[in-house]
Amino acid sequence: MPVFWNSVSEFVAMGGYGDYVWGAYGVTLMAIVIEVLALRLRSRRLGTPAQRALGAGQS
Amino acid sequence: MATLTASRSRFFRYASPATFYPLAGRLWPWFAAVAAVLALAGLAIGLLIAPTDATQGDSYRIIFIHVPAAWMSMFIYLVMAFYAVLTFVFQTRLSAMMMRALAPTGAMFTFIALWTGALWGKPTWGAWWVWDARLTSELILLFLYLGFMALQSAIDDTRRADRAGALVALVGVVNVPIIYFSVKWWNTLHQGASVSLTRAPSMAREMLIGMLLMALACWMYSIAVALVRVRALIVERERDAAWLREAGEA
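Chains as they are written, first to last, in my numbering: chain A, 1 to 59; chain B, 1001 to 1250.
Hint data in this document are derived by calculation from the structure and do not stem from the laboratory. Treat the hints with care, as some may be off.
To be verified - Have a look at the derived ranges for each label pair, beta carbon to beta carbon:
| id | chain 1 | residue 1 | chain 2 | residue 2 | range |
| --- | --- | --- | --- | --- | --- |
| 1 | B | 1193 | A | 10 | 38 to 44 angstroms |
| 2 | A | 26 | B | 1194 | 19 to 25 angstroms |
| 3 | A | 34 | B | 1089 | 33 to 39 angstroms |
| 4 | B | 1044 | A | 37 | 47 to 53 angstroms |
| 5 | A | 11 | B | 1016 | 20 to 26 angstroms |
| 6 | A | 45 | B | 1184 | 18 to 24 angstroms |
| 7 | A | 34 | B | 1180 | 39 to 45 angstroms |
| 8 | B | 1156 | A | 37 | 26 to 32 angstroms |
Keep in mind it's a predicted model, so treat the numbers as computed, not measured. Positions of the beta carbon are idealized from the N, C-alpha and C atoms, including for glycine.
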């Protein structure tokens, strides 16, 4: 399957709709990154089983 | 009666946090990996290979996140309502935790559906937002998710919080068919269903494949994230339970 675009700048411009298309994709990526990082922080705060057994990781 | 009890206990085996915790730990990396592969394939097809739409130009490419996100926002709520029923009927601890684990991801997909919809609406309709049936009911869905999460964090007693949350999930589920059928029931600005099982696809093959790949990626992502979150919830709730102290790093 051939790539639809002839150049990178054409791809970025998105036929004049670049702001809308990249605004949509950018914010979606940001939302996913925030969710993953927040979840990782939450899991890390709980500590490992060994830390929990020692009573560490409890706030 | 004995066989019934046996099959029931097998059914409920994975409803026990002690059994589910290590299982979820083993499963989530696979779902995350499959989600990444599907998303990359979907993005490549949607952004690089699929042709421009004849009427909407390249603004239509927002469809590859808008439609999967909107589907997920509704589907996750249905799954939450299913766990709400389990919470009421069987009072299994894990079902209430699954409900909580899904809500933030559902809210995120609802926000994405609304956000990408606004960015798609502006070039196609000339407006970021209109108070039509589809958009308004989707906004109500966002408030239902946020209400559910606020309620869960506002009630200290876990069992009461679970039951209150389950009630919100169940009452709010009537909104999901309203969202889905709003474009049929009312005269809305929003276009009709993009994909239907009863008629031939109305879009180019590459567009359809790209969208379905992205939808599958969203599914896998949601499962992975929900599994990780439910593990955190299990530890938060049962950190003093003997099984969790004895459990190795699973």
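Going through the hints against the structure:
no., hint, in the structure
1, 1193/B x 10/A: 38 to 44 angstroms, "31 angstroms, violated"
2, 26/A x 1194/B: 19 to 25 angstroms, "22 angstroms, holds"
3, 34/A x 1089/B: 33 to 39 angstroms, "35 angstroms, holds"
4, 1044/B x 37/A: 47 to 53 angstroms, "25 angstroms, violated"
5, 11/A x 1016/B: 20 to 26 angstroms, "51 angstroms, violated"
6, 45/A x 1184/B: 18 to 24 angstroms, "46 angstroms, violated"
7, 34/A x 1180/B: 39 to 45 angstroms, "28 angstroms, violated"
8, 1156/B x 37/A: 26 to 32 angstroms, "27 angstroms, holds"
Hints 1, 4, 5, 6 and 7 from the list above are not met by this structure, while the remaining hints are.
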